[in-house]
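Undergrad: For reference, the chains in residue letters:
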Amino acid sequence: MTEVSAQVSGKEVRQVDRVVIRFAGDSGDGMQLTGERFTSETASFGNDLSTLPDFPAEIRAPAGSPAGVSGFQLHFSDHDILTPGDAPNVLVAMNPAALRSNIKDLPRGNDLVVNGDAFTPGNLKKAGYAVNPLDDGSLDEYRVHRVPLTSLTIEAVGAVDGVNKKEAERAKNMFALGLMSWLYHRPIDGTEAWLKGKFAKRPEIADANIRAFKAGHAYGETTESFSVTYEVAPAKMSPGTYRNISGNMALSYGLIAASQLTGLPVYLGSYPITPASDILHELSKHKRFGVRTFQAEDEIAGIGAALGAAFGGSLGVTTTSGPGVCLKSEAVGLAVTLELPLLICDIQRGGPSTGLPTKTEQADLLQAMFGRNGEAPLPIVAPRSPSDCFNAAIEAARLATKYRTPVILLSDGYLANGSEPWLLPTADEFPDIAVEFATEANAPDGSGDFWPYLRDPQTGARPWAVPGTPGLEHRIGGLEKADGSGGISYSPENHETMTRLRAAKIDGIACDIPPLEVDDPDGEATVLVLGWGSTYGPVAAAARRVRSGGQQVAHAHLRHLNPFPANTGEVLKRYEKVLIPEMNLGQLSMLIRARFLVDAISYDRVRGLPFKAAELEGVILDAIDSRRAGTSAAEEVTV
Amino acid sequence: MTEVSAQVSGKEVRQVDRVVIRFAGDSGDGMQLTGERFTSETASFGNDLSTLPDFPAEIRAPAGSPAGVSGFQLHFSDHDILTPGDAPNVLVAMNPAALRSNIKDLPRGNDLVVNGDAFTPGNLKKAGYAVNPLDDGSLDEYRVHRVPLTSLTIEAVGAVDGVNKKEAERAKNMFALGLMSWLYHRPIDGTEAWLKGKFAKRPEIADANIRAFKAGHAYGETTESFSVTYEVAPAKMSPGTYRNISGNMALSYGLIAASQLTGLPVYLGSYPITPASDILHELSKHKRFGVRTFQAEDEIAGIGAALGAAFGGSLGVTTTSGPGVCLKSEAVGLAVTLELPLLICDIQRGGPSTGLPTKTEQADLLQAMFGRNGEAPLPIVAPRSPSDCFNAAIEAARLATKYRTPVILLSDGYLANGSEPWLLPTADEFPDIAVEFATEANAPDGSGDFWPYLRDPQTGARPWAVPGTPGLEHRIGGLEKADGSGGISYSPENHETMTRLRAAKIDGIACDIPPLEVDDPDGEATVLVLGWGSTYGPVAAAARRVRSGGQQVAHAHLRHLNPFPANTGEVLKRYEKVLIPEMNLGQLSMLIRARFLVDAISYDRVRGLPFKAAELEGVILDAIDSRRAGTSAAEEVTV
Amino acid sequence: MNRLLDLVPKAEAKQTRKEFNSGVDVRWCPGCGDYAILATVQGFLPEVGVKRENIVFISGIGCSSRFPYYVETYGMHSIHGRAPAIATGLATSRPDLSVWVVTGDGDALSIGGNHLIHALRRNVNLTILLFNNQIYGLTKGQYSPTSEQGKITKSTPMGSLDRPFNPVSLALGAEATFVARSIDSDRAHLTSVLRAANEHAGTALVEIYQNCNIFNDGAFDLLKEKGTRDDAGLRLEAGQPMVFGADSTRGVRRRADGGLEVCNASDPGVLIHDPTIDDPSTAFALSRLNGVTPIGVFRDVDRPSYDELMNEQLATATAKQGEGDIMALLHSGDTWDVE
Amino acid sequence: MNRLLDLVPKAEAKQTRKEFNSGVDVRWCPGCGDYAILATVQGFLPEVGVKRENIVFISGIGCSSRFPYYVETYGMHSIHGRAPAIATGLATSRPDLSVWVVTGDGDALSIGGNHLIHALRRNVNLTILLFNNQIYGLTKGQYSPTSEQGKITKSTPMGSLDRPFNPVSLALGAEATFVARSIDSDRAHLTSVLRAANEHAGTALVEIYQNCNIFNDGAFDLLKEKGTRDDAGLRLEAGQPMVFGADSTRGVRRRADGGLEVCNASDPGVLIHDPTIDDPSTAFALSRLNGVTPIGVFRDVDRPSYDELMNEQLATATAKQGEGDIMALLHSGDTWDVE
Ligand SMILES: Cc1ncc(C[n+]2csc(CCOP(=O)(O)OP(=O)(O)O)c2C)c(N)n1
Ligand SMILES: Cc1ncc(C[n+]2csc(CCOP(=O)(O)OP(=O)(O)O)c2C)c(N)n1
Ligand code: SF4
Ligand code: SF4
Ligand SMILES: [Mg+2]
Ligand SMILES: [Mg+2]
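Protein chains in written order, with the numbering used here: chain A, 1 to 639; chain B, 1001 to 1639; chain C, 2001 to 2339; chain D, 3001 to 3339.
Since the hints were derived computationally from the structure, they do not count as laboratory data. For clarity, every value in this text was computed on a predicted model and none was experimentally measured. Cβ coordinates follow ideal geometry from the N, Cα and C atoms, glycine included. Any given hint could turn out to be false.
[As the list claims (entries may be wrong)] Here chain B is said to cover these stretches of chain D; the calculated rule only asks that three of the stretch's residues, wherever they fall, bring their Cβ under 8 Å from a Cβ of chain B:
#: 1; stretch: 3070–3077
#: 2; stretch: 3093–3101
#: 3; stretch: 3207–3218
#: 4; stretch: 3324–3334
All chains should be modelled from the sequences, with the hints used to inform the complete structure.
TA: Quick look at the structure:
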């Protein structure tokens, strides 16, 4: 954080280039909402930003317990940023449990805002504090602002008719938001308008919240606890219209866009599962786009219905997370052999098994590659940021429809719930991915028959003839099919041919995707950091840090995990060392090593959280220093 | 085939060292039975042998059609052999369709026995012959024996009371068996006794079959068509008691043995699927061993029940094939995180999807490795021959119970249905794999609590406390668990720890399995052929051929696919070239390359059939000649 | 109510049975009951009057599930048990198609039981033909969820232990709107049931007793053979009294405990069959009848189908909010401009 | 008949409710109906009289499925929908255990529907507690297979389209031998139902109406609140007439079409409840009753349980052929010696 100070209206105003703020409180305290509103204010102000919600486990834990703590972190700046920030500048802790679970992330000397009213003996006990940390000196090294948030809120709401004390108290998150908005000079009109909209049916509640919000703002002005306020200038961003967007929302919009671009209606067959459910929720709102959403009885029926719809000419989509991918795997294999377009969106979460449903991880890559019986290859696409989920969805739809293949889209919990400003695309930026169905018989023998497996010589794709097309009646199925005609075939040679044709079709996509780009400003780096999926932000941020420290590092990012871009091997071989940071135990690393025989160094962590830029900076510097940072799979196991 | 001739009783008798015979006919012709009886005669005579049944697709095709042809090939010899043979010395074709689909495998000059009666215009048409091949000279280069099998059989059965013409005709396979038994000097008493036993309830049918069998035998003596008979001396085999056994039978017996050795009753939860169903059938016969078989409503319930039984202290087993593995994958992940012993037997078949259900393939290896969400490693064991399925089952049970982990046993369709003589083990050859349950509280804090995830420092295994044990009541589940105590934990550090502990436990097994052995007689080979699973036979046979041709080649075989034996990397690096033949598109190859960065050459074929020794001989010779035979994954894809 | 099937394009000229023969070699064991069902369905399809390109057959895995290959329409031979789910996606996205599911007792009731009961409660516009041979045919003869208890098969050498499902009872318990039963070999009866099923909007489940002459031969002989069939089978006909027997001497009436029982045709209280009663209780009681097997349509009631309702929601949304505009969607919510 | 539960070791001393509290922090939303059910079950378990180490709770995934963590017995929190299958393996291999399944309406009827109906027809010795809150709680409020049609949820902003399952009807259609319904907040009633379920040999399904105060608050208020509950709920009691209402003025009788209907208590033909009738038809009819919700045991009939039959087969095989000898097994069939 770079600072420049000034003194205005009694309080010092510091100009800083970026701020990380974290709200933490009980699940019932509305922290996600608070964070989202702060985000909206910040976005409309024109800062660049990146957010990281941190939910407790799916189920609501008892109020006041550490398990019930919900957090929201926001990083905003006057320049473009890539991650939600490593460590907060200010932590807002609504109760002792929130303090306890978050304080370890707050660097000493930074601001800590606590709701003093919540530090009751009962709450302290629930949080596991024997002594009140506000009194025992343990927080001495922080700039502690002890604000009686609850009582100030109740006081501020005061005599709003029809609002009882409990409801008044609930507005305390708006008080906190007001205070923080003041502290960082956020525009506040939007929040007022938003509260009015949200509580349109109960204007008295809107009123109470607005009062609390304003009181919080005013409190900052008047209290002595805050002697400094901070300004973060708008970021210089490319011109255009922006909105803030989360990954799941962007993915949903991407699917709708893909539907418009291909001319195929979206058919989503899905079964709810964290962190994918929001895509189902979002898509179900857009029926006027011809989007059909079908909440199935389970994951198998979800993909089954999507596949049935794909047979009928829809853009079949199914959304899920790892455990659901397991259940869908047999049907994915069917889709591979049927050679029908289908999108399988896997919003990865912590595994194995039920694992850590609300935490992020990238450990389904090899499952996506190999989690089916037999040789059943398919393309895999991974978005790199929340807004990139939009583009990745369109790209996945392009590949699926052009090559008549299921495609796995690998997002993750962090991308799904994290958000960032998104420069909205204009219509002319969309790719042309219109789809054509087969309408004519095609048998090479001129018999007038339709051969469903006669491939396009260019792409290897088979014709897509949808029911309703006269003369093209045909049957397809999961048994091996004769090359060309598509009849059942038990011939050994035909099976060999078909297996290789299916593989070649997918491998051939390598020539239809952009080459792997390398960010190596001076072209002098010896270490290449290779990332995929949601590690993009922290890897890129770490590379910047390394460079601003005067060192060289190259950064490349894989958007297509299968097949790899055609130039991947060539790129890798240009560097002395290849470092692959992943939120798993080295899955991309293993694919890269097998394919290119490059002794890639894997930096792998599974903590359910995105990497921090500082952490990766260290890892890169270690690699540059020739000290190997991670473990390499080539080392022999010694136990 | 080495030949030595003599002239006895009018016919020449040739001594040969080995013979490959193939019976082929309609599904209704009883070819499998015929082959099995010939096998029994051959086994009891003391030859070494190896068999390969070749079923048509699961469903019965119309009589006389090529799709309905069923085959059985048997290789027998006076020395130890490793495969069912590349090409037959004699082909018995019961109808035109059988001739048509099998003749391409018969080398010119070899014996062809056909049922002349079956070459009717109708049957010829069904088989797709425009002209009768027996008449058009197309078979001139074979030694054709045109035997009116049907009419001779009907004549031989003659006036057996209570046997109608259709039943009499059905005995024609026994006529063929009699003829072949004569041709190869097989002992015939066993077959008579067996027929009597089989048709104990209808002695007249037994009688008819015995008459046909004897008539076939006598026919050989009298007909002029056969001027030569063949003798194959018994093989010099290790002393002991032998029986002929198929892979699925050996696997079933191995499970029962493992049950006795561990002291845990077998609980099989299974859903029928080709080619695994026979294990369910076999185990369901052995209830007096305390074996419980549960035919579940689907594959998920099959593994679920096995896992429930494992929780209760049974040796939980589930059997299936690739499509079933897909469905089980979520529950396998649960077993990984519950750390309960469980055997998942995957009898691989041609994929993807329904694929080629009755054909063999090895394409589920990567699915076994990675087909689950999250980091969910488990041991994988693969038998190398039909009888080895017995040992592999015991080894899988040893690992599962000792390390408290699910284990995948990868057999395949060829091993499952193929058979070979098996030197029966004696009781003292069995490993000691007795299992002990936890009986005492173990909390390190002396609280008297039970910590279900407190690991054995040696093996990393957790205690197995079964319900019914007082004081050890505990709850386990699919959410991440706290190291040691096993309570639910959402801590980032704990998840990292547990993920690595689970991985280390499996990796550590490398030290508890035999090192990879290399067969390199002179220690001078530069090429190593590395195999796994059912390719053992053809690879070893090919290596022999190469060596008898005066060249050197080393052969190593992986029984454990995860983890690899501790010395694997060291072995691989000893050779200039590593060649990996697999019935998939290079799956082991990819694991070896990733792990050891060895530029292994993959020779991969997916034809639904085992490799032939001659084919692999050529591939090895090519590798020795530095001409790369297969495709290497390191080559860039160019389309 | 807007009948979806009316959206399916009607054939212009009368189609013939031959036009529904795909010409693919039929591969069932000689004598299998599936042949007769195939012939009956191919014979019935022209009567449906729908263009054959707008008809789709979707099956799972099993002998019965080979069916689609033999019918010259669109078809998919999918994976084991999943046909109802796949068909649901197709039927709910394509109101212009007539979608049929072909399945077996293992496919539909063992691995696929869940999809079946959910399709029934949703009332998706499907006609489901369940070939019940009370055995797993394709995998060579294990017992199935409809095999009688105590059945000795390869997987149950001492007899099976589980009580079978009664597919009609199960379907009625799962909110089915149309449930019927017929027999492979009775072409006229099967055709009449197919006709009723085809006319039903929503999910129609037709259980067809089918002989597997290889692994479960003669399972339905009582219902088929001249000497026994009249006493063994009760033909349900709407509006007709439930009487049966060689000389129609037997009937069905309600027992004091509320179940149904066989009585003399002349006894008072012989029931009149009415498949259209909204409450499924009597249809259910009929499915539990001992001593005689009812054949025909148990239940046939009107309820909006899932697909109709889904289409309505799309239409309503579009009518209210206008057709979707992607650029407007992207620009919805809080946006800001940077210049 | 040899009662399996008799094999479960009885507690020597009387156990207390506290002994069944695992001490693990209970994590449900404040006010959730699951708390009341937990308290009732913990209160009931001592009465079962089985040693707590011989009791096992197995659950799937959902808010309700957290249940096992809180009970001081053996337990497994498994994967979504599979608890009945896992419990089947445990119960059929360990006759000395008392095995309970805890599941939700999504867990049991959506993803797990097939395992549930198969467990019921097999009649495995299990007590299944189905917490029906008519919503997906854990995933934050999508409609479930028991949600009423037209329900507006996150995934159905214009209302759900599918007809819900009636879990009692479904279970009866699936050959269930014991089916009951109770309410989270009615401790006495729930305890009485648990008692009956526990005494039943075979699968006992207990549907428990459970309030999810976060995502589906008040779903069962009519049945709970003083002013309405007497008119809304019919308490089924064996041998008692089916009467209800504030002053017991209302009754249940059979309609002409065979279904049941509400009438005046004084009308002729008010039914007497008998859950032991072998024919499930009247129990089924009761589950379809309009205008009042029956609470209590619908059906409770004796049928050998799957586990008993399985154990018998093992015992018979051993008695007939003697205990298995592995060496003899290996040497069975054709063998030959090489010297
Ligand atoms: C996932 C999966 N599990 C198991 C099988 C093996 N399988 C194929 S068909 C079948 C049952 C067939 O029985 P049914 O549905 O009654 O059909 P039928 O052959 O009797 O017509 C089974 C178990 C499979 N193909 N896929
Ligand atoms: C395989 C799988 N699919 C989906 C989920 C997500 N999921 C967890 S619980 C649940 C439904 C919960 O509803 P219910 O069973 O009614 O339980 P409740 O929370 O209402 O008690 C779902 C869809 C999952 N954990 N695993
Ligand atoms: S096995 Fe049975 S069901 Fe299958 S084709 Fe043969 S007779 Fe028909
Ligand atoms: S979400 Fe509903 S069911 Fe789940 S704990 Fe909260 S109140 Fe209970
Ligand atoms: Mg069947
Ligand atoms: Mg629920």
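Undergrad: Run every hint past the structure and note whether it holds.
TA: Quick rundown of the hints versus the structure:
no. : hint      : in the structure
1   : 3070–3077 : holds (count 6)
2   : 3093–3101 : holds (count 4)
3   : 3207–3218 : violated (count 0)
4   : 3324–3334 : holds (count 8)
Comparing the model with each numbered hint stated earlier shows that hint 3 is the single one that does not hold.
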